[in-house]
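Trainee: Numbering (numbering that gives the first Met the number 0), first residue to last: 0 to 41.
Check each hint, because a few of them may be wrong.
[Said to hold, decoys possible] Restricting the straight-line Cα-Cα distance to at most 27 Å, the calculated cross-link-like pairs of lysine-lysine (DSSO-like) are:
hint, residue 1, residue 2
1, K40, K20
2, K29, K41
3, K41, K20
4, K40, K29
The set of hints was computed from the structure by calculation and includes no laboratory data.
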Amino acid sequence: MGTITVSYMGRSYYVCCSGCKAAFEEDPAKWIARAAERAEKK
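Let the hints inform the model, and build the full structure from the sequences given.
Mentor: Structure follows, in structure tokens:
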């Protein structure tokens with residue numbers, strides 16, 4: 000889990016760096032979907 004927090008639609012998400020924060024903020028749905036896919040594989 001990262002140390003930088005990003006809020007989206009009332010939820011908090013954690014990213015590893017400012018670059019990932021910027022990418023998340025550009026397209027939150029893309030990154031949320033990827034995280035969900037990774038969680039399903041565990």
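Trainee: Confirm or reject each hint.
Mentor: Hints versus structure:
Distance restraint check for K40 and K20: the Cα-Cα separation of roughly 23 Å lies within the 27 Å cut-off, and the hinted pair is therefore satisfied. Proposed proximity of K29 and K41 is supported: the alpha carbons are some 19 Å apart, at most 27 Å. A hinted pair counts as satisfied when its Cα atoms are at most 27 Å apart, and K41 with K20 qualifies at roughly 24 Å. With a C-alpha separation of about 17 Å, the suggested pairing of K40 with K29 holds against the 27 Å cut-off.
In summary, this structure violates none of the numbered hints.
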